[in-house]
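In order, the protein sequence lines correspond to chains D and S. Going by the numbering used here, the first residue of the first sequence is number 57, and it counts up by one from there. Going by the numbering used here, the first residue of the second sequence is number 30, and it counts up by one from there.
None of these hints come from the bench; they were simulated from the model. Be aware that one or more of the hints could be misleading.
Said to hold, decoys possible - Some chain S residues well away from chain D (every beta-carbon gap over 12 Å; in silico):
#, residue
1, P48
2, S69
3, I138
4, G150
5, A160
6, G181
7, L227
8, I271
9, D274
10, S281
To be verified - Computed Cβ-Cβ distance ranges for the label pairs, DEER-style:
#, chain 1, residue 1, chain 2, residue 2, range
11, S, A162, D, L443, 36 to 46 Å
12, S, A162, D, W407, 21 to 31 Å
13, S, S53, D, T192, 23 to 33 Å
14, S, A162, D, T192, 26 to 36 Å
15, S, K119, D, V660, 38 to 48 Å
16, S, P183, D, A417, 51 to 61 Å
17, S, G243, D, W407, 38 to 48 Å
All residues carry an ideal CB built from backbone N, CA and C; glycine is no exception.
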Amino acid sequence: MTCWRLSINATFQPGRNHDFVVMQSSRYLASGRRMERRSLWWVAFGLAIALALYSSGIVQSAIQGELLNLGGWSLVQRFLAASLHPDLSSEFVRLTLNATGVTLAFAVCGTVLSLGLGFVGGILSSEVWWQTLFPTRPALRYLGQGVQFGLAIPRAIHELIWGLLFVNLFGLDPLVGLLAIALPFGAIVAKVFSDILDETPREPLHALIHSGVPPLSAWLYGLLPQALPNLLSYSFYRFECSLRAAAVLGIIGAGGLGYEIFLSLQSLRYEQLWTLFYALILLNGSVDMASAALRHRLGAPTRLDLNLKSRSDIPSQELHPHESDNLQRQEAARTERVARSALMGRPSTDWSLIGAAGAIALLIILCFSSIGADWGQLMTATPWERLGAIAQETLPMTVSRAELQTLARLAGQTLSMSLLAIAIASFGGISLSFLAAHNFLQPGGLLFPSRRTEPGIFKNLRRWLMVGLSRLFLLLCRAIPAPIWALVCLFVLFPGIFPGAIALAIHNLGILGRLMAEGVENLDAKPLQALKAQGTTAPLVFLYGVLPLCLPRFLAYSLYRWEVCMRETVIVGLVGAGGLGRLLTEQLSSFDYSGVMVTLSFFVALTFGVDWVSRQMGRSLR
Amino acid sequence: MSFYRSSAAQSPLRYDTVPALELSRVSHQFGKFEALSDISLRVEAGERVALVGSSGAGKSTLLRLMNGTLMPASGEIWVLGQRLDRLSHKRLRGVQQQMGTIYQQFHLINSLRVVHNVNAGHLGRWPFWKAAASLLYPLDVKIAARALEQVGIPEKLFARTDQLSGGEQQRVALARVLVQNPALILADEPIASLDPELSRSMMNLLRDLTTELGKTLIVSLHSVEFARSHCDRLIGLRQGQILFDAPATQVSDDMLEALYQRDVPARSQS
Numbered sequence: 057m058t059c060w061r062l063s064i065n066a067t068f069q070p071g072r073n074h075d076f077v078v079m080q081s082s083r084y085l086a087s088g089r090r091m092e093r094r095s096l097w098w099v100a101f102g103l104a105i106a107l108a109l110y111s112s113g114i115v116q117s118a119i120q121g122e123l124l125n126l127g128g129w130s131l132v133q134r135f136l137a138a139s140l141h142p143d144l145s146s147e148f149v150r151l152t153l154n155a156t157g158v159t160l161a162f163a164v165c166g167t168v169l170s171l172g173l174g175f176v177g178g179i180l181s182s183e184v185w186w187q188t189l190f191p192t193r194p195a196l197r198y199l200g201q202g203v204q205f206g207l208a209i210p211r212a213i214h215e216l217i218w219g220l221l222f223v224n225l226f227g228l229d230p231l232v233g234l235l236a237i238a239l240p241f242g243a244i245v246a247k248v249f250s251d252i253l254d255e256t257p258r259e260p261l262h263a264l265i266h267s268g269v270p271p272l273s274a275w276l277y278g279l280l281p282q283a284l285p286n287l288l289s290y291s292f293y294r295f296e297c298s299l300r301a302a303a304v305l306g307i308i309g310a311g312g313l314g315y316e317i318f319l320s321l322q323s324l325r326y327e328q329l330w331t332l333f334y335a336l337i338l339l340n341g342s343v344d345m346a347s348a349a350l351r352h353r354l355g356a357p358t359r360l361d362l363n364l365k366s367r368s369d370i371p372s373q374e375l376h377p378h379e380s381d382n383l384q385r386q387e388a389a390r391t392e393r394v395a396r397s398a399l400m401g402r403p404s405t406d407w408s409l410i411g412a413a414g415a416i417a418l419l420i421i422l423c424f425s426s427i428g429a430d431w432g433q434l435m436t437a438t439p440w441e442r443l444g445a446i447a448q449e450t451l452p453m454t455v456s457r458a459e460l461q462t463l464a465r466l467a468g469q470t471l472s473m474s475l476l477a478i479a480i481a482s483f484g485g486i487s488l489s490f491l492a493a494h495n496f497l498q499p500g501g502l503l504f505p506s507r508r509t510e511p512g513i514f515k516n517l518r519r520w521l522m523v524g525l526s527r528l529f530l531l532l533c534r535a536i537p538a539p540i541w542a543l544v545c546l547f548v549l550f551p552g553i554f555p556g557a558i559a560l561a562i563h564n565l566g567i568l569g570r571l572m573a574e575g576v577e578n579l580d581a582k583p584l585q586a587l588k589a590q591g592t593t594a595p596l597v598f599l600y601g602v603l604p605l606c607l608p609r610f611l612a613y614s615l616y617r618w619e620v621c622m623r624e625t626v627i628v629g630l631v632g633a634g635g636l637g638r639l640l641t642e643q644l645s646s647f648d649y650s651g652v653m654v655t656l657s658f659f660v661a662l663t664f665g666v667d668w669v670s671r672q673m674g675r676s677l678r
Numbered sequence: 030m031s032f033y034r035s036s037a038a039q040s041p042l043r044y045d046t047v048p049a050l051e052l053s054r055v056s057h058q059f060g061k062f063e064a065l066s067d068i069s070l071r072v073e074a075g076e077r078v079a080l081v082g083s084s085g086a087g088k089s090t091l092l093r094l095m096n097g098t099l100m101p102a103s104g105e106i107w108v109l110g111q112r113l114d115r116l117s118h119k120r121l122r123g124v125q126q127q128m129g130t131i132y133q134q135f136h137l138i139n140s141l142r143v144v145h146n147v148n149a150g151h152l153g154r155w156p157f158w159k160a161a162a163s164l165l166y167p168l169d170v171k172i173a174a175r176a177l178e179q180v181g182i183p184e185k186l187f188a189r190t191d192q193l194s195g196g197e198q199q200r201v202a203l204a205r206v207l208v209q210n211p212a213l214i215l216a217d218e219p220i221a222s223l224d225p226e227l228s229r230s231m232m233n234l235l236r237d238l239t240t241e242l243g244k245t246l247i248v249s250l251h252s253v254e255f256a257r258s259h260c261d262r263l264i265g266l267r268q269g270q271i272l273f274d275a276p277a278t279q280v281s282d283d284m285l286e287a288l289y290q291r292d293v294p295a296r297s298q299s
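So here's chain S without its partners, still in its complex pose (with noise of 0.2 Å):
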């Protein structure tokens, strides 16, 4: 997809040489409790991993680690070759414009319309003139037009964002993340807070989208079933530690059943 400046190609680092994301011995506490404890994992470039689990089990904490919004208590986060907790500020914002993440509860800028909202994904590249000029007179409207046409909502360019459907807002923050042209997207809970039918076709635009485009993609996801039709690879988080990692096709039922019992009182273990 050349259509999106890529700032990935003017990078010196080979990424297909380097894993997406590695995480060792990676352990995070909010005061004393454990929120995750002692993950290890690698996510090659081009994989599709869905992290899955009952609420709680620290998936959402695991993606705000990997994008950088916290930094781990323990152990090394690398993203891209780099490792997240020994860089400089300017240098975290560097691999932070490789990393797009989409939220449950979107986050946009309600009160902008949506081609501002698309091209908020321009924005660790635009300087800062360009961004304010860009508010008065919105600029580069063709390839923001463009992603609105792939995400399948191209009449609503000019809508005020508050007045769209939920869908219809998770469709242009996913148009963000586009233009944005990360080389990693990560997805908190993206289809949490649609209905069957928006879920699907929501998914069905990861799956696709990451496929032609090449990109690495990390979704937390509610619902296994998702998760084994749309991913190629399942991780269970448990309590905040990997109860298991495995290719889609090899995940069984057992292995479900494991991750959503119900919790056994610690005492009662020992």
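If we strip away everything but chain D, and leave its shape as in the complex, we get (with noise of 0.2 Å):
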């Protein structure tokens, strides 16, 4: 310290022209401090957390000692014992592997069709495929927009809600699942792959297309290629999300595990509850295994760089050093396979991915003859009779001015509930994704990057439980449904918007916290190697390096999710959390579909709200 200052007094003499540096260096400081005017998104958005917090009402009830129902105490302790205890018995193993078969054929069969339907849905919204095959209509463009606007409605309605739809059209039907899964994802598939599409780099494309050739052959040759390993990464994380979805409509009769643990949850059945909870933590947790290994083996990007890219404002990194070095590793042994082989021979094939390829077919094929929709009611005249009929009870929509202020104040307590979600949410995913990265406390990890791993595992030990177990944490929340988790919430809390916050970001944060803790696997470690190598303690480095590198993605990551969990308050609002949920619900099973036209609406226009807000703040991380 000290000599720091003498070298300054040595150096700097004032009365000569370091006078100018200081007014420059002053007038560069003002603007520093200056509160920028996009920052004041973030002011307004912790007013908004704190104004969703005193609505939702538990400030008053906290200060009068009444947030918690301390009667429904026996019950949370009958349920968290029951968890060492899950019933084992034959005949309900056999239903729970009966159950878990079922979520997961819904969870495959739902992907398969979202997956086709966006992947045409993207290409013909793309702008790329429009421009490239008729070069010279550029009004047709807009028919690229025009689908795209098409697909923001049933992008902005919940899986459930379409399911309720469904059921009212087919009857307990599984095309009732399938189609509530396909037709949103489809949508939401169909905006990713279009936006991967367009951010592809076009160099090659043009290159070949002024070469002469045909705009078709240029496009698949020239672009599909390129946006290849993102359209993959991405339809993986689809299937994730259709698994949890597929467990939540469940709960509204699709059968599966969602059902059946809604049955053992009403009845108050909670060795069964554990059972079936075990079952969908084994099966997601499987899958999130399996896709990721999938994912690093195909050298695909992860989801958070993913989504982030597809909205371009925001900071991502290109190609994480880990990911590429894995490649290169992966790319020497395949060299290696290729030179031995003879040289003008095939490529040597990758078997283990060619058997995936073939035991993904299969599982295809099995889902869906296990499911047995009904295929032919599409064509029969049944359901778009009914449609036709729902169509015109809605068309007089009027609403009265009382029923609009109910709207109004349904709306506000939706908005809140989903800005406590995510707050919660991503506070706690982004603590815990520190803890599940398992490069951050290890030796050798992004912390310490210059010591060496200690020889004895057990040394270690502790730091490798840590890692598991908030991993397993992470797992449990988002292995369970949203609902599931409200109806626990409703032990010891009074029903309203707070246990359905709760719920929503327990769900949340496992996704976060997951997500979030691969993006701090995938981190650079040069910077923090350049932190330590002059000698910056552990807990510096943090805040220097890892934190600052981190937290604008995980940020932006997070204000996406925000509008996911706007969509999901609609699945909480089911069992009792209040908001345009649950009025949604009430509609739909009353029939009143003029209400349900004008409570959607609502509900659409404040997604899109949501959405406009999240993309503003979302520009102010760039």
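Make the complex out of the two chains shown on their own, each in a separate frame, by following the hints.
The structure is reproduced here in structure tokens:
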């Protein structure tokens, strides 16, 4: 410290042309401290969260000491105690296995359908498709934008609402669950796919076109292969999402684990409940692991980067050093194999990938045949006639003043619920992501990049245990559907939007925490090594290196997730948490279609609003 | 070279009587910036022409006008006897198939194997189904292997393109052009991203292959040395205009000094 001061004194002589420097630097200082307009968004966001907390009524009830319903405490104890001895009778295990199969089948078929729909929709709504194929007709680009706008509405409505709507059209048929996943997810996939296609570098495509290649061939050859790793990576993530959706849809009657969990919970059979929970956790855990392994093998980017790239206004890392290293290693092995095979022969085949592809194809066929949906119904006139009748009922869309006030109040509740949920989920997710990342606390990891791994396994056991436990916790959070969490919360909390928000927060915390842990694991270690090399302690490496590298991307992804939370308020509305979701489910079950139409319009408008605000805020992170 | 399927031979035009390329009074602006003004030149079949000049002189714009990426604001561009801006989309494609372009940044499809990138040279002739099938199971592999042998990297046939070094990627781009088998090869700063050693071997390849196969070469270069040693004609561009157009042997040091001297602000000249 003294050294530093000395050197300043030695070189800094006032009165010479340093004055100019001081003037300049003070001007920069002032500009740095001035509050930027875009950071006002974050102040507003903080105030909104505070307001949401206040309006949810927990502050008042906490003051009056009525926050917890202590009468339900014994239920919680019973519930937790049951986790140690789940029902493992052969009869119930068989039931659980069946239910697991049903949930998996719905997820697989829903994913396949939504990917098919999304692929076509994504191509048709991408700018590059119309520009490449019809370069002389720029007006056709509006057609693509039209497709994109048309897909925004199915996207804004949660799959549960679609499910309830389709039940009224097709009756209790597996078709309902399939279409309820396929339609909104197809629209989401279309959006992401079109963004990926449009973000893919176009120079190779243009190079082909300008050497006289017909447009369709040029597109297929010059654009699609470049976008393929991203498309595949996103497809795997979609499968994970479909699995969670299939569990939720089970609750409204599609069968499977969700349905069985709901039944056991209602009849207070906690031992059975935990058997089903464990099945769901195992299913989710193995699917997540398989998808991560396949993505890694294909060298595909993580979802965090995909979503951020697709919004294009947020910083993202291009290629992770971690993954590129891995790619190079794989490539080295591959080139060796090629070199060993005859020079002019075919590329050596990667049998493990082909095996995986074959297994996936077989699984898809098996799932479609086991679900046995009545596809013929789509061809018959009945559901379409019903749809026509419903449309007619909605037509005179009249709203009274009183109804409008109710709607506005419920919209406020929905907004508070989503705000609270995302605030808790992102705080928890960000904190836990560091504990769950395998390269964070370990020696040789991000905080201690120069330290070698100690030889004994037992010395590191405590650290590995922490990683394992936090991962298990995140898995538990995301595997259990949000409405089930809501019902569990209702043991000790009074009904209202607060338990709903907590339930959504727990579920989304699990999802966010896992994605962010992946983000931490793919962090570029070089800047951290540089900090470490100058003798910085671990906490300061975290504060000056890890956190600044992670936080903008994590916050950006949380903002994106806010919109998802907004949509999901519907599913906790189902079990009695307030907001528009509850009204919507009531109206749907009493066939009040004109009311449904009005509420849905409110809901869609609210979702678009949240999307706009989160985009504006995301821009301030650039 | 009958090894590559030549579509030039099937065309009714006789290439030996028309110039390979002719520009007359071509100008082009980007907004208010005059990138090229009043360019006229004629390149005969079989010539090797270097475009030299400092950055921003208009070399890339000129090449992009020649291969039909840009259309001139005024003036005429004739390639193999066809006026580019008068052609229908389909006919323009036909002419573009007779021009192969190599870029400084390669513009290869990175996620594909080398064989597919070389095969992309066929795409102007292949029907869509064949292009699609070849992505799943590479077709005409022998032609691709032969082209890679000519550019000196036969062992990279099935490697992934993004795993190659810059020099190797530029060779893949050249192999693609060989498979495309055009009458004209245009190259935009093909060696600007390569080290001196690789630059020399790349320029040797370009010179030898175009001579051997009887192609016309138009290449923009930063390096005057390579322009003089590997081409038989130099066109000096300065601020969008042709400063000189002379055989390589007649380009003097004075001419080059005039070409590269620091820009004098336009105000003080008038």
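Status of each hint after checking the structure:
At roughly 20 Å, the least C-beta separation between P48 of chain S and chain D is larger than 12 Å, which holds for a residue marked as non-interface. Residue placement check: S69 of chain S keeps its beta carbon more than 12 Å from all beta carbons of chain D (closest about 23 Å). Some Cβ of chain D comes within 12 Å of the Cβ of I138 of chain S; the nearest lies about 5 Å off, and the non-interface call is violated. Distance check for G150 of chain S against chain D: the nearest CB is about 8 Å away, which does not clear 12 Å, and the non-interface claim fails.
At roughly 4 Å from the closest C-beta of chain D, the C-beta of A160 of chain S falls inside 12 Å, breaking its exclusion from the interface. Distance to chain D confirms G181 of chain S as a non-interface residue, since its nearest Cβ pair spans about 14 Å, more than 12 Å. Non-interface status of L227 of chain S relative to chain D is upheld: no Cβ of that chain comes within 12 Å, the nearest being about 20 Å off. Even its closest Cβ contact with chain D, about 24 Å, leaves I271 of chain S beyond 12 Å, as expected for a residue assigned away from the interface.
Listed as a non-interface residue, D274 of chain S keeps its Cβ farther than 12 Å from every Cβ of chain D; the least gap is roughly 25 Å. Distance check on S281 of chain S: its Cβ is at least 36 Å (rounded) from any Cβ of chain D, clearing the 12 Å threshold; non-interface status holds. In this structure the hint that A162 of chain S and L443 of chain D lie 36 to 46 Å apart at CB holds, the actual value being about 42 Å. For the pair A162 of chain S and W407 of chain D, the supplied restraint of 21 to 31 Å holds, since their beta-carbon distance comes to about 22 Å.
As the Cβ distance of S53 of chain S to T192 of chain D is approximately 26 Å, the hint placing it in 23 to 33 Å holds. For A162 of chain S and T192 of chain D, the hinted distance range of 26 to 36 Å is satisfied, since their beta carbons lie about 29 Å from each other. Judged by the Cβ atoms, the range 38 to 48 Å given for K119 of chain S and V660 of chain D holds: they are separated by roughly 45 Å. Range check, P183 of chain S to A417 of chain D: about 35 Å between beta-carbon atoms, so the 51 to 61 Å window is missed.
Between G243 of chain S and W407 of chain D the C-beta distance comes to about 46 Å, which sits within the given range of 38 to 48 Å.
Against the hints set out earlier in the document, violations occur for numbers 3, 4, 5 and 16.
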